[in-house]
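Visitor: Given the sequences, and given the hints that come with them, work out the whole structure.
Chains A and B, in that order, are what the protein sequence lines are.
Per the numbering used here, numbering through the first sequence is continuous, rising by one, with the last residue being 613.
Per the numbering used here, numbering through the second sequence is continuous, rising by one, with the last residue being 1609.
Mixed in with the good hints there might be a few duds.
Derived lysine-lysine pairs resembling DSSO-like cross-links, with alpha carbons at most 30 Å apart [as the list claims (entries may be wrong)]:
1) A:K456 x B:K1218
2) B:K1218 x A:K206
3) A:K99 x B:K1208
4) B:K1508 x A:K229
5) B:K1218 x A:K484
6) A:K459 x B:K1256
7) B:K1009 x A:K242
8) B:K1348 x A:K219
9) A:K206 x B:K1452
Read the hints as simulated data drawn from the structure, not as lab findings.
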Amino acid sequence: MDEYTPLFTKHLKGFGIPKIIPFLKKYRIPLFFMASLQVAASVLSILFPKFQEYAINNYVTPGITDGIVGFALIYSAVLLVKVALDAVSMYIGTVMEMKIGRDLKQASFNHLQTLSFSYFHRNSVGYILSRVSSDTNRIGTLVSWEFIGLLWNFTYAAGSLVVMFVTNPGLAALVMIIVPVLVVVISVMQKKLLYTNREIREENAKISGGFNEGITGAKTIKTLATGDKMYSEFSAMTGRMKKVSVRDARIRGTITLTLNLAAYIALAVVVKVGGDMAAEQIMTIGTLSMFMTYALGLMEPVRWVIDSLAELTTIQVNIERFFGLLETEPDVKDTAEVIEKYGTILEPKRENWEEITGDIEFENVTFKYPDGEEYVLRDFSLKIPHGTNVAIVGETGAGKSTIVNLVCRFFEPTEGRVLIDGRDARERSQLWLHSNIGYVLQTPHLFSGTIRDNMKYGKPDATDEEIMEALRTVSADEIVTKSKDGLDTEVGEGGELLSTGEKQLISFARAIICDPKLLILDEATSSIDSFTEQIIQDSIKTVIEGRTSFVIAHRLSTVRGADVILVVKDGKIIEQGRHRSLMKQRGYYFDLYTQQYRDEATANYFEGLKAGS
Amino acid sequence: MKEEKKLSKFKLIHIFMQNSRRYFAISIIASLIATVCSLAIPKLISYSVDSVIGDLPPESPLIAQVFGKLASVFGSDAGGKPGLWILAAAIALLALLMCVFRYMDTVFIRRGSETLSENMRNMLFRHIMRIPMSWFSAHQTGDLIQRSTSDVETLRDFLSTQLTQVIRTVIIIVFSLVFMFNINTTLSLVALIFIPVIIGYSIFFHVKISKSFEEADKNEGILSAICQENLTGVRVVRAFGREKTEIEKYTKQNEKYTGIWIKVGKYMTWFWAAGDVITGLQMISVIVIGTVICVEGRITVGDLISFILYNSMLEWPVRMIGRTIANMSRAGVSVGRIGEILSAGQEKDAPDAVDCPRDGDIEFSHVSFSFDGETRILDDVSLKIPAGSTLGIIGMTGSGKSTLAALLTRLYELDEGCGTITVGGIDIRNIKLDSLRKTIGIVHQEPFLFSKTLGENIGITFDSPAERIMEIKEAAQAACLGETIEGFAKGYDTPVGERGVTLSGGQKQRTAIARVLAQGSPVMVFDDSLSAVDSETDARIRRSLAEKTAGTTVILISHRIQTLMNSDNIAVMSGGKITESGTHEELIKNDGMYRAIYDLQSYSGEEDE
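Guide: Written as structure tokens, this is what we have:
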């Protein structure tokens, strides 16, 4: 989950650009076109000072205006051509930027659909999201704008030099002397800028964090009377921010200073040396004026080229992180034979899929998480015939999901096998297994869209009848009937437009609509009113009937009736059995159960009082 | 305390800028000098072309005089003209001056801008530290954070970048025009008529296009949201085998988003192309008409060259200003939003407030309280807690237990005539807030931990936690947290929060307990603060607390009889009233609520065996 990225990573070959090439291949024609137009536009720009020279040498010096209209027309025509070339290549640039960005986004999103859970454990949602959104944008910008800019400016700088050398090599050489000095100074400064930039970003994040803490932690800060301390820490942060920003400004200022000074020194050289030439009639006044324009205009493109090169080193980080995602191999993969028979997620071969019965067996399973050090299961064996109700209990964070993760093949055993209907889970495709599982999350996760969209998530071809039937089974039909939009009711992002209880009921209905043989139920811990609570408890009883079910339980009622209870502590299964025998053991389960019972009885008592008053 | 003084926007900006104004002033002056220097250079060029290389009489008497002097000092060539090298040196010198002042301009504007944001942020943060709880409850956290961060940035950019850029551009335009008109009126008018066209067109375009940008941003948001939903709901997606649907959904939005940006790109292309054409035409007009005028003998060659230089200096400032002006409108909204926070009332001490007595009895006398003025959370509650004794409070959720603690530390204020709370006989309204809160340590039910290390969190009330690590360790031991912390690889230096360990609910509660123990307050309130630990740890903590807190006044709020039963006095709360009170023994003899709860909690699990 570490989002720290070093400023300069080990240098990727060619700044990592070769990695992007496969994504550029299909656009090679427009990209080539764009580049050619840019070079042409740049060459035309170089010609503009030539027009100045021409005007002075042919009209002003001899003192005639014959043919000046034609001159103006040609000048305008060249301008229009240049603008048109620029505009077309700019447009192609935008299209390229967006399309390449789109392709990268799509590729990473598609790849994410195949990655294993260990990847999602290791990387936070925010981290992955910025790979998919911002890194792809940055890379898109690189191949379009950075590329265009580099090309234009490089051509312009090189072209001006050529024109100058052709016109007057001696003077051109003098102007040239300044360029290497400029390159050295700017390169050194650029490097410093990268560091201050990073420092500024970090300070900025800390300041936002400070506000976040000061506002969300207001109550605690008040009761601990640490407001003054918080403030002095905060003002230290803003003070640092100011310091580093001013340092940043000094560096930027120095770059601009060097650049401008260089340009004007070049100009002064032209005035002295070129002026002497003009006085001796070796050079015309028009040429002198043209040289002045080049001397002043040359420095900006040089800066651009250096800036672009510096930019490449930072984009390298984006490229590296992005391809880090794209090149991650899933831990859980279907073998070639399995794919051959059962198909992939995009092209399933449903005709070859067997019916599932729902017998599950853990056979000498030893397991540790890919990023963990400790074995959480050792030589664990358990037969779960179809229709069995397994409850998993333990404290929050004790590792209750492990069994579920293995059953769903989100992870695979380190040693041993998980058998489904007597065959190793690895012998059939993940999609086959997942299509037979109904899953209810602890915090019910609905997708933005309508109730119907969400129900279809469980069964894409479900008819409205089937949807209503499933909703009725868990007593959730009222949510639909009481709303004027019926099944078209929007649930909002993450289902925020519905109450917690409603969300839970809909996620139950969604889990059972395709009549899965396996059901995974992660009970909610969040408090809901006792009436809804009762409906949910009843629904649970209904839906687990006749299915092999795994319930990660927080409530007593589900636990007591379970066929097997697995008791988890510190990631390991420490007790297992039916309710009665576990109570007799007077072990950890007993403690957990009595404590819960007392708390719940008291809560119910208070509820009763409240209802009675 | 409730007085909310409304600050006007101008007054606010005035306050914000109080210590940065001078930097902005310096930067504008520097920019002015730099502009004048840069405008003087073409003059020198025209002088060299016309009078040094050519033989025309110098147009400007001032330049003629200055260089005449220089020529007599440094020597002149034949014909008494100053040497070209003197002019070259003068150009370089002016350029150096210009560059130095540009540099000053860059540095001072940044100093000003950063001083400004430092000032705004500090003011906001300091104010937020003193805003009463009731105000926080009425405002959304996310919105407040947004105001403190992005609104501050918007305002800073407006005041430091946009406003000064406008001033700067006006300076450049005005001075350039002065120099240009000085050369030739007709030619200047030709150049001038294009300026309003470029600026007007640019403003018009940016205002128009802002909608497309909003639409593009909105669609980018939707695209991210789809990906985010896919990631947070990865279990659902996988368990239902819906990867294909997800890919289709993402593809559709990805196409839409790409299409919109390409459309925006098309507009931008037209905009830039049109801008290029207009400025290009202006340049052509100047060159052609200038040539004609020059041939007619109305201006010299040198003048023509310098005029062209002036004209090219104007191009970019004029082209950029339209965008700046178009973006300026958002700042007004931001000032208002920041102002709202700064106008909120603050917690204040009474003028003659005293320190809180450390060993006083605490007394609630006829206390009534309501958040909204309708439902009474507390209804005529009277309680006495002698110094050094332990009070247990039991009751249902919403019975007002936590409100008692909140009122005791003045997180919320009692209204006039709604009873009094005293410590050592002094009304808490007459006690200094800081002193009161340092005297009374509270452990909240849902503890808030800071994104610091565990050690710093426990020692949060110390000025330098690093030096008092022994006390921190002692407090952690007493809260039964020592072993857990030492089990982490980094021990007490383990960071908490996003970048550090994720603590369980129970561990968080124990950290909060250790934090209050380290504070060493003579009064401690535990507001249902052991709800997330198992009964075994609960018992261990209570034992160690009993040792550690001997002699302190303790208020225990809980719904577990076990936690409360050893208290010197226990109050049972229901519907904002105290319905029963007494010791555990007394209360179980009564046939009341306490007894009923006691019976329920005596369940030993035996009937389940």
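Visitor: Now look at each hint and say whether the structure bears it out.
Guide: Structure-based check of each hint:
Between A:K456 and B:K1218 the CA atoms are separated by roughly 26 Å; this keeps the pair inside 30 Å, and the hint holds. Taking the CA atoms of B:K1218 and A:K206, the gap is near 27 Å; set against the 30 Å cutoff, the hint holds. Restraint check for A:K99 and B:K1208: satisfied, since their Cα atoms lie roughly 25 Å apart, inside the 30 Å limit. Proximity of B:K1508 to A:K229 is assessed by CA-CA distance (about 22 Å); at most 30 Å being required, the pair is judged to hold.
Annotation: proposed proximity of B:K1218 to A:K484 holds, straight-line Cα distance about 28 Å (limit 30 Å). In summary, the hint linking A:K459 to B:K1256 is supported, as the alpha carbons are separated by about 26 Å, within the 30 Å threshold. Proposed proximity of B:K1009 and A:K242 is supported: the alpha carbons are some 25 Å apart, at most 30 Å. Under the criterion of a C-alpha separation no larger than 30 Å, the hint pairing B:K1348 with A:K219 is consistent with the structure, at around 16 Å.
A C-alpha spacing of about 12 Å is found between A:K206 and B:K1452, which places the hinted pair at or below 30 Å, so the restraint holds.
Violated hints are absent here; each numbered hint is respected by the structure.
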